[in-house]
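Protein chains in written order, with the working numbering: chain A, 1 to 355; chain B, 1 to 355.
Misleading hints may appear alongside valid ones.
Any copy will do: because identical chains look the same in the list, a pair fits if it lies in one copy or spans two.
The calculated SDA-like cross-link candidates involving lysine to any residue, where the alpha carbons are at most 20 angstroms apart (straight line), are [said to hold, decoys possible]:
(1) LYS168 <-> ARG215
(2) LYS101 <-> GLU113
(3) LYS115 <-> ASP305
(4) LYS101 <-> ALA274
(5) LYS326 <-> ILE110
(6) LYS70 <-> GLN340
(7) LYS323 <-> ALA274
(8) LYS115 <-> ILE284
(9) LYS326 <-> THR258
Quick caveat, the hints were computed from the structure, so don't treat them as lab data.
2 protein chains.
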Amino acid sequence: MSSPARCLNHSLPSVKNMLEVCVIGAGGVGTIAAYVLENSQRAHVTAILRSKYLLVKERGFDIESIDHGKVTNWRPHNVVSSLVAAAAEKKSYDFIVITTKALPDLTSSIIAELKPLITPGKTSLALIQNGLAIEAPFAAAFPNTPIFSSVSMIGSRLTNSTSIFHQKPDVSKIGAHFHHVDDAFKRATQHDAAALFVDVYNAGLADAKPKTNARCVLVEDIVGARWAKLLWNASFNTLCTVLRISVGELLSGPGRNTLLEPAMREIASVATAAGYGNAVSEDIIQDMLHDSPPTSTLRPSMLVDLENERPLELEVILGAPLKVAKEKGVSTPILTQVYQLLSQAQWKLTQQAGK
Amino acid sequence: MSSPARCLNHSLPSVKNMLEVCVIGAGGVGTIAAYVLENSQRAHVTAILRSKYLLVKERGFDIESIDHGKVTNWRPHNVVSSLVAAAAEKKSYDFIVITTKALPDLTSSIIAELKPLITPGKTSLALIQNGLAIEAPFAAAFPNTPIFSSVSMIGSRLTNSTSIFHQKPDVSKIGAHFHHVDDAFKRATQHDAAALFVDVYNAGLADAKPKTNARCVLVEDIVGARWAKLLWNASFNTLCTVLRISVGELLSGPGRNTLLEPAMREIASVATAAGYGNAVSEDIIQDMLHDSPPTSTLRPSMLVDLENERPLELEVILGAPLKVAKEKGVSTPILTQVYQLLSQAQWKLTQQAGK
Chain A
1 MSSPARCLNH SLPSVKNMLE VCVIGAGGVG TIAAYVLENS QRAHVTAILR
51 SKYLLVKERG FDIESIDHGK VTNWRPHNVV SSLVAAAAEK KSYDFIVITT
101 KALPDLTSSI IAELKPLITP GKTSLALIQN GLAIEAPFAA AFPNTPIFSS
151 VSMIGSRLTN STSIFHQKPD VSKIGAHFHH VDDAFKRATQ HDAAALFVDV
201 YNAGLADAKP KTNARCVLVE DIVGARWAKL LWNASFNTLC TVLRISVGEL
251 LSGPGRNTLL EPAMREIASV ATAAGYGNAV SEDIIQDMLH DSPPTSTLRP
301 SMLVDLENER PLELEVILGA PLKVAKEKGV STPILTQVYQ LLSQAQWKLT
351 QQAGK
Chain B
1 MSSPARCLNH SLPSVKNMLE VCVIGAGGVG TIAAYVLENS QRAHVTAILR
51 SKYLLVKERG FDIESIDHGK VTNWRPHNVV SSLVAAAAEK KSYDFIVITT
101 KALPDLTSSI IAELKPLITP GKTSLALIQN GLAIEAPFAA AFPNTPIFSS
151 VSMIGSRLTN STSIFHQKPD VSKIGAHFHH VDDAFKRATQ HDAAALFVDV
201 YNAGLADAKP KTNARCVLVE DIVGARWAKL LWNASFNTLC TVLRISVGEL
251 LSGPGRNTLL EPAMREIASV ATAAGYGNAV SEDIIQDMLH DSPPTSTLRP
301 SMLVDLENER PLELEVILGA PLKVAKEKGV STPILTQVYQ LLSQAQWKLT
351 QQAGK
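Based on the sequences and whatever the hints tell you, model everything.
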């Protein structure tokens with residue numbers, strides 16, 4: 001199933017037949033993804049850079065990576081300043097990779113401008129983003145386009161607008177989203193699009209593999225993998241944000257037992273009711289609870305967003321699973337209130353942004 | 001019932017028969033209380049000052065008061081540096097007024113040193129503090145001593161250790177705590193102790209009354225009054241603290257409906273189950289919900305404590321009512337989780353204090 005030989009729409013690229021990839025979002029995750037894809041020598045990347053377009057065009061990115069070492073003044077094959085500018089180039093993309101924050105408004109605005117970049121029968125969408133049900137708005141807008149998503153465990157962040165500090169190995173799971181398809185689309189086509197991407201991505205990790213456990217794994221059940229990551233994101237990430245504390249402080253205080261573990265078990269109950277019980281088994285819960293030491297000073301991504309007055313990925317991390325909980329009649333008293341608290345915090349961020 | 005003529009143990013003071021009052025706690029509330037009591041010309045105040053003892057002895061307090069105007073270099077009749085020093089003076093007090101934060105550890109340490117200051121048959125305890133069931137530890141330690149408590153609406157705070165900014169008129173309700181009494185103690189004695197204090201306190205407000213609505217009201221049901229104040233303190237005060245936002249921000253955001261009002265209604269349900277339904281009627285709830293404008297920049301006391309890394313009055317404001325909820329079988333999902341979040345925050349404050 002996962003062999004590139006089965007791809008119907010893609011052929012293995014030769015030097016003159018490189019894959020064309022457009023990467024939207026140039027944060028810690030997106031820039032490393034762009035680097036890895038070019039590093040595969042099987043893809044040309046067009047990076048869409050908004051505010052940092054001129055800076056990157058002038059001096060590129062500086063990357064300090066646990067996987068790839070120190071790379072200075074690195075530029076993607078091609079940089080453009082907007083989706084509209086990318087469309088004007090009239091390239092035909094094999095993959096459009098979306099690595100922005102998964103925020104409803106941002107997703108809507110990307111979708112509104114994405115159509116000219118999609119070549120029917122050729123282009124696939126890759127979503128390297130947090131949360132649940134992130135594929136749904138793309139599948140609704142582009143029902144005939146293969147979509148796959150990645151659950152990424154990479155620890156990579158911007159230290160300034162063009163400098164990346166990539167601290168934890170690039171480990172990800174990728175799997176196809178099997179949305180409603182018409183006759184022209186087979187489940188195999190969707191899967192094969194994901195498989196080709198995984199193949200290319202792993203080629204781009206070749207230099208890392210002797211040193212780290214960097215890897216990109218093709219999975220059949222990406223939704224299960226997304227629920228498993230939510231065990232962490234819907235509990236640690238949200239509670240550290242409400243309380244403005246580190247992972248270690250949450251693990252060491254009374255909230256470990258009164259809030260964290262019950263919140264994680266609520267997510268497990270919802271996932272189980274939705275048919276993903278295997279992905280959130282007791283063993284996995286125990287791993288999640290004990291993976292970080294009580295001395296961890298990690299401040300999760302949502303807390304970092306709050307502290308920097310950036311919008312929170314609240315809808316994909318809590319809103320979407322709570323919608324499933326409601327559909328399935330699963331009680332989630334802790335997560336519901338955490339959602340309400342963070343909605344209030346999000347509201348305040350919006351007010352501040354409006355000032 | 002409330003006439004001073006009915007007091008068994010107190011006589012109206014003449015110039016040579018002033019009431020002796022010891023005030024513990026010299027924050028915004030305690031200093032104004034000390035001032036008002038001396039201002040009555042019916043009481044001598046001994047103020048117990050710890051860290052600020054020398055400063056006050058040297059230059060007194062500066063008070064800017066909506067009720068009493070600008071008062072500089074004001075000193076109580078007598079200042080001492082500790083409860084032990086007060087005991088060494090071997091005065092016989094009519095009233096010991098406790099105006100510290102209501103914190104379990106602090107209450108325990110005060111109780112441990114209070115006995116030498118209490119003259120059986122003469123001394124009463126006045127608690128000007130927040131929260132529920134604050135009288136219980138004092139009643140357990142001093143079962144034969146009359147105790148009454150005050151629900152104070154004063155807006156008064158320290159701007160530095162000896163400067164008071166008193167912004168909102170001194171309005172309070174005072175009522176006796178009718179704890180277990182033996183034969184020597186009648187309900188009337190307890191009530192009359194409160195009545196005398198109210199009488200003296202109102203005399204001390206005489207200069208304020210033509211200007212403001214400052215007043216001290218004797219009430220029969222102080223427990224009901226404490227529940228009514230909890231409608232505000234257990235909802236606005238706690239939620240603004242968890243969210244680190246002002247009263248206006250809570251009222252303007254989505255949390256107004258999802259968190260604030262339901263939390264207030266949980267307190268009302270508990271109070272009703274405990275027999276204080278009259279004190280938390282729908283009218284009173286509506287008053288509480290609409291009393292502050294959505295533009296209010298007020299940061300409630302618990303939030304100010306959190307921001308200054310001081311311990312929170314969590315047990316008397318949420319712990320005690322939640323204990324009643326448990327006893328009465330009342331469901332309090334929001335308040336229970338708010339308590340857990342604030343317990344985690346309190347734990348962190350303790351950790352920081354220990355560093």
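Compare the structure with the hints numbered earlier in the document and write down the numbers of the violated ones, lowest to highest. 3, 4, 5, 6, 8
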